[in-house]
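Colleague: Please construct the entire structure, taking both the sequences and the accompanying hints into account.
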Amino acid sequence: MILFDRVTKLYPDGTKALEEASLTIEPKEFVSIVGHSGAGKTTLIKMLLAEEKPTSGRVFYESLDINKLRKDEIHHFRRKIGTVFQDFKLLANKTVYENIAFAMEMAGRLEDEIDADVPHVLNLVDLTNRAYNFPHELSGGEKQRVAIARAIVNQPDIIVADEPTGNLDPINTNDIIQILKKINDLGTTIILTTHNKGVIDSLGKRVVTMEKGKIVRDDKMGRYTL
Amino acid sequence: MFWITTKRITKSGVQNFFRNGFVSFSSVVVMTITLFIIISVILLGGFLNYSLEQVKNKVDVNVYFITNVEESDVLSVKKSLEALPEVSSVEYVSSDQALVNFKAKHQGDNLTLQALDELGENPLGATLNIKAKDPSQYAGIAKYLDNMSSGVLSSGGTSIIDKVNYSQNKVVIDRLTEIVNSSNMIGVWFAIIFIFISIIVTFNTIRLAIFMSRDEISVMRLVGASNSYVKGPFVISGVLCGVISAVVILIFFAILTFVINHYYGSYFVGFNLFGYYINHFLQIFGTIVGSGIVFGSFASYLAVHKYLRH
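The listed protein sequences derive, respectively, from chains E and F. Residues in the first sequence are numbered from 1 upward in steps of one, following the working numbering. Residues in the second sequence are numbered from 227 upward in steps of one, following the working numbering.
Any given hint could turn out to be false.
Derived lysine to aspartate or glutamate pairs resembling DMTMM-like cross-links, with alpha carbons at most 20 angstroms apart [to be verified]:
hint, chain 1, residue 1, chain 2, residue 2
1, F, K457, E, D72
2, F, K237, E, E62
3, F, K233, E, E113
4, E, K46, E, E26
5, E, K46, F, E317
6, F, K532, E, D115
7, F, K237, E, E111
8, F, K237, E, E51
9, F, K233, E, E73
10, F, K233, E, E52
11, F, K233, E, E62
12, E, K80, E, E62
13, F, K457, E, E62
14, F, K237, E, D115
15, F, K357, F, E317
16, F, K532, E, D72
17, E, K94, F, D441
18, F, K233, E, E26
19, F, K237, E, E52
20, F, K532, E, E113
21, F, K457, E, E98
22, E, K46, E, E73
A partial selection of chain E residues facing chain F, derived with a Cβ cut-off under 7 angstroms [unchecked claim]:
hint, residue
23, R79
24, L91
25, K205
Hints are computed from structural coordinates only; laboratory data are not their basis. In this text, all values refer to a predicted model and were calculated from it rather than measured experimentally. For every residue, glycine included, the Cβ atom is placed at its ideal position computed from N, Cα and C.
Modeller: Below, the structure is given as structure tokens:
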């Protein structure tokens with residue numbers, strides 16, 4: 001489903017963020033990518049989201065070469081992938097309901113579909129009674145649940161979560177990971193980047209380890225070994 | 227789908243405008259100042275034109291005829307002058323009327339009136355007062371009169387035109403022409419510079435407001451928003467800013483011109499500031515609302531476009 005084919009990323013100042021990284025991710029997999037800060041985890045994700053272009057190598061989403069997408073095609077592509085970030089990236093001027101509905105509006109869904117699906121995903125992440133609050137009125141865990149709800153509302157094939165628990169306490173961290181596991185059980189591919197040992201060990205899923213821009217380990221039932 | 231998208235973009239723009247509170251308020255304040263300057267320029271321009279017309283009306287060229295001229299000859303000269311494109315009006319003052327005007331002008335001057343009585347007969351001839359459309363055109367009219375002077379003759383063979391007082395007033399007329407032209411030129415440059423400065427300030431304020439939304443813009447793009455979905459709401463907010471500023475300033479000026487006219491009207495030498503504002507309200511409304519919408523939308527569009535390019 002996703003193929004990174006010998007991807008290298010060099011920045012103008014000579015920094016090598018990725019070096020010949022190759023990785024295949026199958027549908028319905030739950031893959032955790034671990035590594036120290038600067039290992040290249042986020043750069044890999046940015047390649048997948050067409051936020052950065054590789055210096056060499058290619059990235060495929062099914063048969064689509066992401067590098068070859070035109071500027072006006074990129075936003076269409078991004079609608080197929082649900083994203084969750086460490087800093088939540090919610091729209092501050094929109095309520096919880098509107099933040100989630102926004103993702104559906106971008107996908108061109110109609111008002112009655114939005115009215116049906118948004119309450120459903122709010123219920124899934126247990127935020128029904130916070131629907132009309134603004135992000136600044138929510139806790140970190142609640143914000144991240146809104147981000148997850150937004151990521152799943154269009155039923156994407158893949159969710160990319162870049163350090164989703166980085167700003168959360170252990171209890172909220174656990175809640176978020178359980179939600180992601182539930183989503184994966186329902187058939188959505190999850191790519192998670194993290195350096196939280198507890199999360200990795202509790203998952204018992206595939207772990208890809210990165211170091212200095214290279215993929216150094218790939219364990220089917222991995223544990224945190226950094 | 228187009229209407230659904232347009233409705234969503236509009237709703238989002240209006241919502242963002244009000245939810246952004248203080249930032250939107252700052253943009254409205256700055257836009258209001260720009261529109262204030264534009265209306266001020268319009269009203270000052272009206273007052274300047276009025277004043278210059280008053281000054282121009284004070285200037286005229288008088289043609290004095292010999293005392294025993296035939297009225298038909300004078301009227302014939304009047305008709306030919308009226309046919310000139312530079313001439314605005316020609317007023318005929320008969321010799322009898324000239325005498326009445328003279329006596330009224332020198333009412334308190336017993337010496338002059340006594341001297342007039344001793345003359346016995348009316349020493350004043352008929353006069354034509356010529357007003358040109360522009361002070362610069364008097365020279366041409368005077369030349370025409372010079373050429374005519376030799377052509378219109380009395381029965382004795384002398385010219386019926388006794389005197390044309392253009393050359394005596396030439397200095398004043400030339401100076402007034404210069405003043406009129408300079409005032410217009412200064413007025414135009416003044417307007418251009420101030421409007422330009424205020425537009426720059428407005429644009430920068432709106433740019434700053436959008437700069438503060440740069441995180442929102444990047445999130446919208448990450449979630450898959452197209453360019454129109456990102457830019458649209460900001461442009462709508464810009465339009466709303468322009469419209470609100472326009473309404474505020476139009477109401478403000480209605481009150482201001484009324485108050486100025488009521489309490490300080492005498493300073494304007496007959497120019498009815500409030501009356502001018504009301505009489506030209508449709509044009510002013512169109513200019514101000516149009517400017518507000520154009521500046522607001524254009525500034526927002528340019529500012530967002532810059533972030534989307536990166």
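Colleague: State for each hint whether it applies.
Modeller: Outcome of the hint check:
no., hint, verdict
1, F:K457 with E:D72, "holds (14 angstroms)"
2, F:K237 with E:E62, "violated (36 angstroms)"
3, F:K233 with E:E113, "holds (17 angstroms)"
4, E:K46 with E:E26, "holds (19 angstroms)"
5, E:K46 with F:E317, "violated (86 angstroms)"
6, F:K532 with E:D115, "violated (34 angstroms)"
7, F:K237 with E:E111, "holds (13 angstroms)"
8, F:K237 with E:E51, "violated (29 angstroms)"
9, F:K233 with E:E73, "violated (23 angstroms)"
10, F:K233 with E:E52, "violated (33 angstroms)"
11, F:K233 with E:E62, "violated (35 angstroms)"
12, E:K80 with E:E62, "holds (12 angstroms)"
13, F:K457 with E:E62, "violated (31 angstroms)"
14, F:K237 with E:D115, "holds (17 angstroms)"
15, F:K357 with F:E317, "holds (9 angstroms)"
16, F:K532 with E:D72, "holds (16 angstroms)"
17, E:K94 with F:D441, "holds (13 angstroms)"
18, F:K233 with E:E26, "violated (40 angstroms)"
19, F:K237 with E:E52, "violated (32 angstroms)"
20, F:K532 with E:E113, "violated (34 angstroms)"
21, F:K457 with E:E98, "holds (18 angstroms)"
22, E:K46 with E:E73, "holds (16 angstroms)"
23, R79, "holds (4 angstroms)"
24, L91, "holds (6 angstroms)"
25, K205, "violated (25 angstroms)"
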